[in-house]
Structure formats: structure tokens, C-alpha cells
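What follows is the residue order along each chain.
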Amino acid sequence: MSAPGTAESTEAIARARAGDAEAWGELYRDYAPAIFRFCRRALPTRQDAEDATMEVFVKVKEKLHQYDSTRPFSSWLYKVAANHCWDLLRRRKIRQDKETEDVETVPLEHPDANQLEQLIEKRTSEEVRKALDKLPARARMALVLRYYSDMSYDEIADELGVRRAFVGVVLLRARHELRQALESTGVLAAGGAG
Amino acid sequence: MSSPPGTNLQGSRMQHLDEMTILLYLERQLDRARAAEVSSHTQECDACRTLMRALERESRLLTRAMLEEEEPLPSRLASFQETARRSMQWIWMVMFGLATTGVYAIYTSYIEPVQNRLQDAGFGGTNLLGLLIFQGAFWKGWQSMASFVEIVALLVVGGSAALLFRRWFRRGTLAALLMAGMCAAAMMPGTASATEFRKGSTAEVAQGESIKGDVFLNGDRMRVEGTVSGDVFAFGRTLEVGGNVGGDVIVFAHTVHITGKVAGNVRAFNNNLTITGDVGRSLTAICESLAIEKSGKVGASVNDFSDSFTLDGHVMQDVLAMNGRLDLSGQVDGGIRLKAESLSIQDAAQVGGPIHYEGTKPPEVSPKAKLASAVDYVHAEKKPEHSHGGYYLWRLLWTSAFVLYGLVLIHLMPSFSKDCVLAAERIGASLGLGLLVGISLFIAAIIACVTFVGAPLGLLGFALWMVMLFSAQIVFGGLLGRWILGPSKDTWGQVGRMALGMAIVGVAVPIIHQVHILEAFVKLAVVIWGFGAISLALYRRLPGVATPSIPIPPPAI
Chain R
765 MSAPGTAEST EAIARARAGD AEAWGELYRD YAPAIFRFCR RALPTRQDAE
815 DATMEVFVKV KEKLHQYDST RPFSSWLYKV AANHCWDLLR RRKIRQDKET
865 EDVETVPLEH PDANQLEQLI EKRTSEEVRK ALDKLPARAR MALVLRYYSD
915 MSYDEIADEL GVRRAFVGVV LLRARHELRQ ALESTGVLAA GGAG
Chain Z
250 MSSPPGTNLQ GSRMQHLDEM TILLYLERQL DRARAAEVSS HTQECDACRT
300 LMRALERESR LLTRAMLEEE EPLPSRLASF QETARRSMQW IWMVMFGLAT
350 TGVYAIYTSY IEPVQNRLQD AGFGGTNLLG LLIFQGAFWK GWQSMASFVE
400 IVALLVVGGS AALLFRRWFR RGTLAALLMA GMCAAAMMPG TASATEFRKG
450 STAEVAQGES IKGDVFLNGD RMRVEGTVSG DVFAFGRTLE VGGNVGGDVI
500 VFAHTVHITG KVAGNVRAFN NNLTITGDVG RSLTAICESL AIEKSGKVGA
550 SVNDFSDSFT LDGHVMQDVL AMNGRLDLSG QVDGGIRLKA ESLSIQDAAQ
600 VGGPIHYEGT KPPEVSPKAK LASAVDYVHA EKKPEHSHGG YYLWRLLWTS
650 AFVLYGLVLI HLMPSFSKDC VLAAERIGAS LGLGLLVGIS LFIAAIIACV
700 TFVGAPLGLL GFALWMVMLF SAQIVFGGLL GRWILGPSKD TWGQVGRMAL
750 GMAIVGVAVP IIHQVHILEA FVKLAVVIWG FGAISLALYR RLPGVATPSI
800 PIPPPAI
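Sequence lines, in order, name chains R and Z.
Number 851 in this note's numbering belongs to position 87 of the first sequence; there are no gaps in the numbering.
Number 456 in this note's numbering belongs to position 207 of the second sequence; there are no gaps in the numbering.
Think of the hints as simulated: they come from the structure by calculation, not from any bench.
Ideal placement from N, C-alpha and C gives every residue a C-beta, glycine not left out.
The reader is advised that the hints may include incorrect statements.
To be verified - Simulated coverage check for chain Z against chain R, where a stretch passes if three residues somewhere in it have a Cβ under 8 angstroms from a Cβ of chain R:
| id | region |
| --- | --- |
| 1 | 270–281 |
| 2 | 463–477 |
| 3 | 487–499 |
As the list claims (entries may be wrong) - Facing chain R, a subset of chain Z residues (Cβ under 8 angstroms, in silico):
| id | residue |
| --- | --- |
| 4 | His265 |
| 5 | Leu266 |
| 6 | Asp267 |
| 7 | Ala296 |
| 8 | Arg313 |
| 9 | Pro736 |
| 10 | Pro759 |
| 11 | Ile761 |
Claimed, not checked - Which chain R residues face chain Z? A few, computed with CB under 10 angstroms, are given here:
| id | residue |
| --- | --- |
| 12 | Arg887 |
| 13 | Pro900 |
| 14 | Glu919 |
| 15 | Gly932 |
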């Protein structure tokens with residue numbers, strides 16, 4: 765199995781583009797787990813993520829000839845996946861949540877750093893994932909694109925359909941919402957424990 | 250947690266940076282000058298430095314939480330990968346090649362001899378299904394079916410070969426190509442005959458001329474006075490067949506007159522068709538007026554869809570007719586099934602079988618006519634079907650029944666139902682596979698019924714075919730609902746989408762019912778589509794295709 769992004773992987777991509785089913789299988793084996801995780805983070809349910817992963821790979825297979833081999837394959841793959849997931853959310857109208865709100869404004873605050881440190885320190889990865897699940901679709905998608913797919917601000921702007929200048933605002937708002945979700949999880953956990 | 254922007258946390262010495270600026274700095278989104286300012290500020294300001302560290306930790310926590318592989322790749326996705334890796338194309342090609350070879354072999358070994366024996370013994374199909382399918386009303390018979398299969402097989406092999414050559418003959422493909430090629434070669438007809446083309450204002454096969462093979466005529470006036478050993482295809486204004494035709498006559502013309510001898514079938518789409526000669530097998534006519542004159546003879550059955558049908562000649566098997574009126578003064582050895590406005594049976598008429606007549610006027614039957622039994626007359630109201638209130642009630646009941654059936658299916662097999670709908674999204678594959686499996690399964694079931702394989706297996710095949718046929722519409726309904734409402738999360742979501750889709754189909758059918766041909770096409774497409782989707786979903790679940798798990802690679806991309 766070739767690791768994604770290696771020369772071997774590049775060769776597999778070239779062969780898959782030529783129609784080699786074995787090479788396509790290799791690519792799928794290498795990248796499916798990552799794309800599944802991407803969909804899992806971006807979409808509301810596991811079932812959705814499974815469906816989306818399959819659909820993304822069907823699209824990738826169809827569009828493989830469009831892939832520009834001078835760019836990293838994983839970036840292109842994430843872009844296809846992001847397009848698909850975002851489109852899926854749009855079709856379900858989930859994206860309408862808070863979308864029309866004042867995305868361009870965020871209070872220019874200087875939060876209490878110690879309090880933030882404390883909040884982060886106590887949280888496990890699992891708690892963060894649970895909190896992520898509670899976020900509105902766009903906030904979640906913005907965080908996934910940035911911190912999972914490592915997309916640039918330009919790519920995120922393009923994906924979410926916002927001006928590049930406001931990507932930071934979207935991300936910061938998403939972080940605020942995540943903190944709120946984490947806090948409420950903490951309160952619930954404390955309440956449950958007590 | 251937060252303080253208002255610009256709050257001085259360390260006396261009045263300095264203005265703090267806002268969170269946005271620090272985040273943009275961390276994410277390297279500030280220009281060089283601003284970044285330098287932020288950097289120098291954080292070196293001096295503890296509060297801002299602490300906030301920066303906190304934000305950095307938050308970013309790391311987020312990335313870690315997202316990249317962490319907390320659940321394995323679902324087995325469904327692993328099996329999907331297997332499917333993708335295997336690339337179904339060549340497997341299907343081989344399977345189809347083998348299947349067609351098998352069908353052809355069984356036909357030539359078992360069915361054809363039995364069929365010939367039955368023909369020799371004088372048995373002919375008299376029921377409607379037999380009349381339409383097995384008497385060659387719509388095709389030449391099993392022989393032409395075999396030709397059809399040959400053509401499809403060759404197309405599949407050709408197309409697949411083109412695809413496969415691109416793959417530099419990787420593992421398995423060469424073997425597949427060879428096998429499929431052999432299958433195709435085995436099915437090639439023994440002698441190939443060329444088709445003769447004749448065009449012009451007068452296109453003819455002159456008297457005394459003999460053509461081995463088929464002939465294609467196109468012209469204002471078309472004539473066949475000589476001998477053609479194969480089929481005659483004619484497109485033009487008039488056609489006269491005065492010679493001998495060994496095969497079929499397929500004609501699209503204004504006026505057709507057959508005075509000679511046609512050993513095969515006649516299929517005519519025209520205005521006027523007159524037969525004074527001899528047709529060896531069946532006659533199918535879609536025209537304004539059909540006349541089988543006194544000297545005219547049809548060796549098998551007549552299927553007529555014309556405005557006026559005059560039968561003075563001799564039909565050796567059954568007559569199936571849907572027309573304006575039928576005047577019968579000739580001889581029919583079999584029965585008559587007629588849907589018309591009027592029926593007139595004259596003195597000289599002779600009918601050997603039962604006569605079922607559904608019409609708006611009672612039949613006029615001469616007492617001198619020799620009939621095996623009295624005319625079974627059903628009075629039909631001349632009213633369009635969709636103008637009945639009952640039609641809509643029936644549609645409603647039918648749709649409800651489908652929804653109920655779908656509900657049961659989805660609850661019994663939620664995962665499989667979902668897979669079917671997902672498979673249906675691959676429109677091309679579903680339609681292609683649906684056509685293939687729909688026809689193959691049906692033929693296989695018939696073969697199983699009439700050969701040594703045995704009726705139980707054949708009937709089971711039929712039952713499966715019927716179940717798939719009905720379920721196909723459910724799958725289409727599910728797909729329609731999914732397109733409108735998006736993918737469903739749970740079983741009831743699937744049911745709701747299916748119900749919505751079926752409701753849309755239920756509303757759409759009475760609308761397109763106004764155009765009968767369109768209704769038939771749409772229904773056929775829907776059934777084939779759903780059939781293919783079910784087949785595709787079944788294929789993915791075949792043991793050996795789906796693997797339960799595969800080793801999961803490291804999480805990073």
C-alpha cells in the first residue's frame with residue numbers, strides 16, 4: 765500500500781487515470797479512511813458520512829481526468845469531498861442555520877486567556893468531537909476545512925462562498941460556538957456527576 | 250470569559266490586541282508590518298502572549314480531535330473499495346458472454362427440437378401471450394432472439410475490449426477478453442450473408458432475379474418480382490411483392506400489395522395492406538385498412554391494429570385484432586380475439602375456435618356462417634379510461650399498495666433498501682444492468698420451465714423476476730424522494746422519501762397516461778432503472794465481493 769502523497773501514490777494516480785482498476789483500488793484503500801473521517805466531521809451522522817464517502821469516490825473516479833497532477837492529490841480530494849458535503853448540506857437546507865446572520869461582525873474581544881486555557885486543558889479529543897457535532901453546519905465545516913484539511917483561507921472562502929477577508933471571522937465565530945458547546949457539555953457532565 | 254475590546258488589563262500602560270488579530274497572526278494571515286507589530290506587542294504583553302498560547306493550544310486540540318481515528322472504516326466502505334478495485338466491467342462481460350453462450354446452447358439443444366416437434370404435431374399457441382410472443386408477432390421467434398443476443402454480446406465484447414486495451418492488459422483482463430471473444434465467435438452465425446441495397450424512384454428485384462440474403466429497398470415504387478432468400482426491408486410509397494421471399498417482409502409504406510409468396514412473417518406499418526398471396530408465418534399490421542382477399546393465406550396468426558379489417562382469405566391460426574371494424578367472410582382455423590367498434594360475420598365465414606368480441610355494437614352474424622361456438626360478446630362503453638372516476642380510485646389504491654409494500658420492504662431490509670436507492674443514483678449502470686438482467690432472468694426462467702432444469706426452479710425464477718419488477722418501482726420512488734429531500738438518516742426517513750416519490754409517480758402517471766406511448770416508455774424506463782439498481786445492490790452483497798474489513802492505513806493524508 766502506498767502512503768498518500770508519495771511517488772508510489774503519484775504513480776497509482778497516473779495508472780488509475782489510464783483506467784487501471786488495480787491502481788484505483790490502491791488509491792481508494794489509501795485515501796478512503798481519511799475522506800471518511802472528513803465526511804464524518806463535516807456531516808451530522810455516521811450514515812451520512814458513509815454515503816458521502818462512497819459518493820465522493822464515485823465523483824473522484826469520474827473526474828480523475830480533471831485532476832491537475834502538479835498539485836497535491838489529497839488537496840484535490842478534500843476539495844471534491846468538501847464540495848460534495850457542502851452541497852449535501854445545502855440541499856438539505858441545513859446550511860440556512862444562522863447563515864443569514866451577521867457573519868461579517870464579530871466582537872473585537874480580548875477573552876480571559878486563563879479561562880480559555882482552563883477550558884481547553886480539561887477537554888479530551890472525544891469531548892471536542894461531541895461539541896463539534898453540536899455546531900451549526902457552516903461553523904463545523906469551516907473548522908474542518910481549516911484544521912482537518914489544512915485548507916488555505918482562499919480555498920475556504922471559495923468553498924463556503926464568503927469573501928476571503930471574512931474567513932477569519934467565520935473561523936473565530938466557530939471557535940466561540942465550540943467553546944460554548946464545550947462549556948455546556950462541561951455543565952451537563954458536572955450536573956450529571958452531581 | 251471575555252472582556253470588552255481594548256480593555257487595559259495592565260493599568261493604562263498598553264491597549265491589548267483583540268482575539269481576531271491574534272488568531273490571524275497565528276494563522277499567518279497578517280501582512281508583514283502588522284505581524285511585526287503583533288510580535289513585538291506579545292513579547293511585552295503577558296496577557297496577549299497568554300491568549301496567543303491559548304489559541305494555539307486550541308488549534309492543536311482541534312486538529313488532534315479531528316485527525317484522531319476513533320472508529321474504523323465501516324465494512325460497507327471496505328466492500329465498496331473491493332468493488333472499485335475489482336472493477337466490475339470485465340466480470341460482467343465474461344458473465345454475459347457465458348450466459349448468452351449457455352442460452353444459445355440450451356436453445357439449439359433442447360428448445361428448438363421440442364418446438365419443431367410441437368409445430369409438426371400441429372400445436373400452436375392460442376392464448377394471447379403465446380400469440381404475441383411465441384408466434385412471432387413481434388419478432389421472428391427464438392431464432393431472432395438468438396440473433397439479438399449475438400448482437401448485444403458482440404457490442405458488449407467490442408465496447409469492453411476498447412476499454413480493456415487501454416489498461417495495458419493487466420491481470421485478468423486478457424483472459425476475460427479471450428473468453429468473451431471465444432463466446433462471441435461461438436455464437437457467430439454459420440454463414441454470413443450480405444444485405445443488398447436498392448434505391449431509386451423504382452427499386453425492384455426483377456422477375457427471374459434471385460438474391461441470396463436480405464434486401465433493403467427504398468424508393469417511390471418498390472417491387473419484388475424475383476426471389477429473395479432472406480428478409481425484405483422496404484421503406485417507400487408503394488410495395489408490391491409478387492415473387493418469393495424466403496424470410497420476412499418488414500415494410501413502412503403507404504400501400505402494400507402482397508400477391509406472391511412470403512415464407513416468413515409480414516410486419517407492415519402503412520396505410521393500405523392487401524394480401525392476395527401467401528404468407529407462411531404470421532402477419533402483424535398497423536395500418537388504416539387491411540384486406541386479406543379470397544386467395545390470400547396466412548400460415549400462422551394475424552395481429553392487426555387497423556381501422557378496417559376485411560378477411561376473405563384463410564388464416565391458419567388465431568386472429569388478434571384491435572380495430573374499427575372487422576368484416577369476416579373467410580376462414581380462421583383458430584380463434585378470434587377482437588376489440589373493435591363492429592363485427593360482421595358473413596355467410597361464407599368459418600371460424601374453428603372461440604370468438605371473443607369486445608365492442609360498442611353487437612356483432613352481426615350470418616346464420617349461414619360456420620362457427621365453432623357462438624360469439625362471446627362483451628359490450629364496451631366508448632369512454633376514455635381516464636375519464637372514469639374509478640380509474641383515479643384505482644390509481645390511488647395501486648399507489649397506496651406500492652407504498653405499503655415499500656414500507657414492508659424497507660423495514661425488513663433497511664440497509665439493502667438504502668443500497669438499492671444509492672445504486673439507482675448510478676443511472677447509466679442501473680439502466681444497462683436492468684436491461685440485461687431483466688431480459689436474461691426472464692428468458693432463463695422460461696428456459697428452466699421448459700427444459701430439464703425443471704419447472705420449480707423456473708417458477709422460482711419467475712417469482713424473483715416479478716418481485717424485482719414490483720420492487721423496481723419502489724426503488725425509483727425512493728430515489729425520487731431522496732433527490733427531493735436529500736439522503737435519509739433513518740428507516741422512517743427512507744419510508745417517507747419513498748412514499749413521496751411514489752406519490753409523485755402516482756400523480757404523474759395519470760398525466761402521461763393521456764399519451765399512451767409515453768406512458769409505456771416511462772414505465773419501462775422506470776422498471777429497467779429500478780431493476781438494474783436492485784441487481785447492482787445484490788451484486789455488491791455477493792459473497793466474495795464484499796469483504797468484512799481491510800487493514801486501515803495510518804490516519805494522515
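>> Just to be careful: measuring from the Cβ of isoleucine 761 (chain Z) to every Cβ in chain R, is the smallest value less than 8 angstroms?
In response: Cβ of isoleucine 761 (chain Z) sits 27 angstroms from chain R, so the hint is violated.
> Does proline 900 (chain R) pass the interface hint, meaning its C-beta sits closer than 10 angstroms to a C-beta of chain Z?
Replying inline: With a closest approach of 16 angstroms, the proline 900 (chain R) hint is violated.
> Mind checking, does the region 487–499 of chain Z have 3 or more residues with a CB under 8 angstroms from chain R?
Replying inline: The restraint on the region 487–499 of chain Z is violated, since only 0 of its residues have a Cβ under 8 angstroms from chain R and three are required.
> Holds or violated: histidine 265 (chain Z) as interface residue toward chain R, Cβ cutoff 8 angstroms?
Replying inline: With a minimum Cβ separation of about 4 angstroms from chain R (threshold 8 angstroms), the hint on histidine 265 (chain Z) holds.
> Does the CB of arginine 887 (chain R) sit less than 10 angstroms away from some CB of chain Z?
Replying inline: holds (7 angstroms)
> Would the hint on glutamate 919 (chain R) stand, with a C-beta cut-off of 10 angstroms toward chain Z?
Replying inline: Hint on glutamate 919 (chain R): violated, closest Cβ of chain Z at ~13 angstroms, above 10 angstroms.
>> The hint names glycine 932 (chain R) as touching chain Z; please verify it with the least Cβ-Cβ distance against 10 angstroms.
In response: holds (5 angstroms)
> Once the shortest beta carbon distance from alanine 296 (chain Z) to chain R is found, is it less than 8 angstroms?
Replying inline: holds (6 angstroms)
> Do the numbers back the hint for proline 759 (chain Z), that is, is its least Cβ distance to chain R under 8 angstroms?
Replying inline: violated (29 angstroms)
> Regarding the hint that leucine 266 (chain Z) lies at the interface with chain R, is the smallest CB-CB distance below 8 angstroms?
Replying inline: holds (7 angstroms)
>> Holds or violated: the hint that aspartate 267 (chain Z) contacts chain R, with Cβ atoms closer than 8 angstroms.
In response: For aspartate 267 (chain Z), the interface hint holds, since the closest Cβ of chain R sits about 4 angstroms away, which is under 8 angstroms.
> Mind checking, does the region 270–281 of chain Z have 3 or more residues with a CB under 8 angstroms from chain R?
Replying inline: holds (count 4)
When the structure is compared with the earlier hints, violations turn up for hints 2, 3, 10, 11, 13, 14 and for no others.
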